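Chemist: Just so you know, we're using this note's numbering here: the sequence shown kicks off at 27 and counts up by one.
If you are wondering where the hints come from, they were derived from the structure by calculation, not from laboratory data. Some hints here could point you the wrong way.
[Claimed, not checked] Below, computed lysine-lysine pairings styled on PhoX-like, alpha-carbon distance capped at 20 Å:
hint : residue 1 : residue 2
1    : K78       : K136
2    : K174      : K126
3    : K109      : K174
[As the list claims (entries may be wrong)] So the derived label-pair ranges between C-beta atoms look like this:
hint : residue 1 : residue 2 : range
4    : Q72       : A129      : 30 to 38 Å
5    : S106      : E81       : 17 to 25 Å
6    : K174      : R122      : 13 to 21 Å
7    : A82       : S105      : 17 to 25 Å
8    : S105      : R132      : 18 to 26 Å
9    : M162      : E76       : 17 to 25 Å
10   : G121      : G85       : 31 to 39 Å
11   : A95       : R163      : 27 to 35 Å
12   : Q75       : S106      : 18 to 26 Å
13   : Q77       : R163      : 29 to 37 Å
14   : G172      : R122      : 26 to 34 Å
15   : Q74       : L161      : 29 to 37 Å
None of the values given here were measured: they were computed from a predicted structure. Beta carbons are placed, not taken as given, at the ideal position from N, Cα and C, and that holds for glycine.
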Amino acid sequence: MTTRTPREIFWTTGLATLGCALIAGQAPAAERLENKKVLDSIIGSQVQQEQKRAEADPGRIIAAIENAAGAASEVRKTSSLEKVDIVFLLDAAEGRLPPKVDASVRQHHKQITELRQELEGNAMLYHAIDSHSVLMRDVIAVEFDGHKSVIIYAAARPSK
């Protein structure tokens, strides 16, 4: 018969317990993002997507870009919305933003980065964006319509 020291028992059972805890802790996290009902309850809003060209309404997009700091502040305070629209800017995805829009993106790069950080910190908006396979680096502007809805402009192609 082999006897084990208290130290061996501690490490064996401790590692086994830690391993079980890690496995048990990872399963719900993976399931949480795949479960449509849970995702809908986190977002709590209707999420729609559409495709547009920035050249169709550059003034509106430039205004949203120029308001990135204000939008970041609003994102920080937002906990519920009735509607989230994700607008895929097709010309941006093709690397051909209208010159004035492109200049505004470059000029407000720091504020856009801060906006993205706030979006990552807002579970509702982050999951709305993530559920449509949009990378945070592709978000270029956010436009709030009062406190009930938001438009997120993304320089990416919609996922199929």
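Chemist: Now tell me if each hint is right for this structure.
Modeler: Hint check results:
Among the hinted pairs, K78 with K136 is inconsistent with the structure: their alpha-carbon atoms are about 25 Å apart, more than 20 Å. Only pairs whose Cα atoms come within 20 Å are accepted, and K174 paired with K126 is rejected, the gap being roughly 29 Å. Only pairs whose Cα atoms come within 20 Å are accepted, and K109 paired with K174 is accepted, the gap being roughly 7 Å. The beta-carbon spacing between Q72 and A129, approximately 34 Å, falls within the hinted interval of 30 to 38 Å.
Range check, S106 to E81: Cβ separation about 33 Å, and the 17 to 25 Å hint is violated. Taking the beta carbon of each, K174 and R122 are about 33 Å apart, not inside 13 to 21 Å as hinted. For the pair A82 and S105, the supplied restraint of 17 to 25 Å is violated, since their beta-carbon distance comes to about 32 Å. In this structure the hint that S105 and R132 lie 18 to 26 Å apart at CB is violated, the actual value being about 32 Å.
A hinted range of 17 to 25 Å holds for the C-beta pair M162 and E76, which are about 19 Å apart. A hinted range of 31 to 39 Å for the beta carbons of G121 and G85 is inconsistent with their spacing of about 21 Å. With their beta carbons about 18 Å apart, A95 and R163 fall outside the hinted range of 27 to 35 Å. Distance hint check: the CB atoms of Q75 and S106 are about 20 Å apart, consistent with the given range 18 to 26 Å.
The hinted range of 29 to 37 Å is not satisfied by Q77 and R163, whose Cβ atoms lie roughly 19 Å apart. As the Cβ distance of G172 to R122 is approximately 32 Å, the hint placing it in 26 to 34 Å holds. Separated by about 19 Å at the C-beta atoms, Q74 and L161 break the suggested range of 29 to 37 Å.
When held up to the earlier numbered hints, the structure conflicts with 1, 2, 5, 6, 7, 8, 10, 11, 13, 15 and fits the remainder.
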